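Protein sequences appear in the order of chains F and D.
Numbering follows the numbering used here, in which position 13 of the first sequence is assigned residue number 13; successive positions increment by one, without gaps.
Numbering follows the numbering used here, in which position 58 of the second sequence is assigned residue number 58; successive positions increment by one, without gaps.
Worth flagging that the hints you see were computed from the coordinates, not collected in a lab.
A hint or two may mislead.
Among the chain F residues that face chain D by a calculated CB cut under 7 Å, a handful are [what the hints assert, rightly or not]:
no., residue
1, Glu15
2, Met79
3, Val84
4, Thr85
5, Gly112
6, Leu148
7, Pro151
8, Trp177
9, Ala178
10, Gln180
11, Arg190
12, Ala195
The following residues of chain D were derived to be distant from chain F, with all beta-carbon distances above 12 Å [what the hints assert, rightly or not]:
no., residue
13, Met1
14, Thr2
15, Glu15
16, Arg28
17, Ala44
18, Lys57
19, Ala69
20, Arg78
21, Ser116
22, Asp150
23, Val187
24, Gly192
25, Arg207
As the structure is a computational prediction, the values presented were derived from the model and not from experiment.
Where is the CB? At the ideal position from N, CA and C, for every residue including glycine.
There are 2 protein chains.
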Amino acid sequence: MTYTYEMDGAAIYAESFRTIRAEADLARFTADEEPLAVRMIHAAGMVGLAEFIRFSKGFATEARSSLNAGAPILCDARMVSEGVTRHRLPAQNEVICTLHDPRVPEMAREMGNTRSAAALELWRPHLEGALVAIGNAPTALFHLLNMLQDPDCPRPAAIIGCPVGFVGAAESKAALWADQPVPCCIVEGRLGGSAITVAAINAIASRAE
Amino acid sequence: MTYTYEMDGAAIYAESFRTIRAEADLARFTADEEPLAVRMIHAAGMVGLAEFIRFSKGFATEARSSLNAGAPILCDARMVSEGVTRHRLPAQNEVICTLHDPRVPEMAREMGNTRSAAALELWRPHLEGALVAIGNAPTALFHLLNMLQDPDCPRPAAIIGCPVGFVGAAESKAALWADQPVPCCIVEGRLGGSAITVAAINAIASRAE
């Protein structure tokens, strides 16, 4: 028996988003935030994600403006940078992941930190006005917060802070939410990860569904 | 105030896996399956994932043997292929994703299917004995099942079927589980995705934690 199934990508997206909007409690999101939440839920395959998503005031607007102005997107992992849909970007924005730069292992040894955290030191020349997307490593988010304690460190426009897991993820996101050095978005607790982070970026990049 | 946090990657992994083993109900998994389930839960940030994970008999053994014998890993999305930790692979196995092959858009138009499904047609020369990893597109998993209805289609050694989402994901995984053309692993229902799929691959590739 041959399987029959929906083969039209646009129809699949439309039905997916309809289902999410029918099932998820999205009432507390603004009109600017709602499409981001919908895509994040879509990537997670879980309407219950909604209750853990937090946007600081102005996050969606600031993040969109930065991309429209040509800002780069700085990602902590290749699974994040590879997931960004290039044709959605409004200004052919650069998507940068420094994790596999050959200098990183030695930098990590010197810093006594993970490679994910050390790789952020290579963000400095790109950081001013950038959209930051941390979707994997809690150590990267903690290190970013420590970098931003220095008033001379360049400021990104906005931070998506969605590392996932059992050690440091909940804590690093709580720290970002408490600090709010710039407008930010988090998924509270252990949930998060590259797919949810990519979904937020893709929704910021374009309103097209 | 500067944040202090665990900066040792090995310690973070060890504590994460300890937490998962303390919290998750893993009793129904065999000794061969348990490390796969633990890593999949780790990637999801959710101990509740355990109840949705299904391994067919012999899956873990077959999948491991195929990689040890040098089989390639065929991935439906770049977020999957990019996530595979190369130094864990036992035989410098090839990791193949054909989604961005320039022939794919035209093939998809001709087939009246998604690019994710069309890209699988380019797997045929690599499919015999391969480890297949579908972590994104339900249409890819449905198309693979239809390809395998043809007895002349080469057989992979094992299939990780973990597409995510609201249209076709649950259905395509249920179809794989009912058919079992070769040993397979699924996450029942809507949950799944590239991170969980990559975690399964990385656990199959090496027992190192």
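Hey, does arginine 78/D actually stay past 12 Å from chain F on C-beta? Incorrect as stated: the minimum Cβ-Cβ distance to chain F is 4 Å, not above 12 Å.
Hint glutamine 180/F vs chain D: min CB-CB distance below 7 Å? violated, 14 Å
Could you check that no beta carbon of chain F comes within 12 Å of the beta carbon of serine 116/D? Its Cβ does come within 12 Å of chain F, the nearest being 8 Å, so this is violated.
Using 7 Å as the Cβ threshold, decide whether threonine 85/F counts as touching chain D. This interface hint is violated because 11 Å lies over the 7 Å limit.
Taking the closest pair, is the beta carbon of aspartate 150/D still more than 12 Å from chain F? violated, 10 Å
Minimum Cβ distance from arginine 207/D to chain F greater than 12 Å, as the annotation requires: holds, 20 Å
If I take the minimum Cβ distance from methionine 1/D to any residue of chain F, is it greater than 12 Å? violated, 8 Å
Is the shortest C-beta separation between alanine 195/F and chain D less than 7 Å? holds, 5 Å
Residue hint methionine 79/F, partner chain D, criterion CB-CB below 7 Å: holds, 5 Å
Regarding the hint that valine 84/F lies at the interface with chain D, is the smallest CB-CB distance below 7 Å? Violated. Min distance 10 Å.
Minimum Cβ distance from glutamate 15/D to chain F greater than 12 Å, as the annotation requires: Per Cβ check, glutamate 15/D is inside 12 Å of chain F; nearest 5 Å; violated.
Would the least Cβ to Cβ distance between alanine 44/D and chain F come out above 12 Å? At roughly 7 Å from the nearest Cβ of chain F, alanine 44/D sits no farther out than 12 Å, so the non-interface label is violated.
When held up to the earlier numbered hints, the structure conflicts with 3, 4, 6, 7, 8, 9, 10, 13, 14, 15, 17, 20, 21, 22, 23, 24 and fits the remainder.
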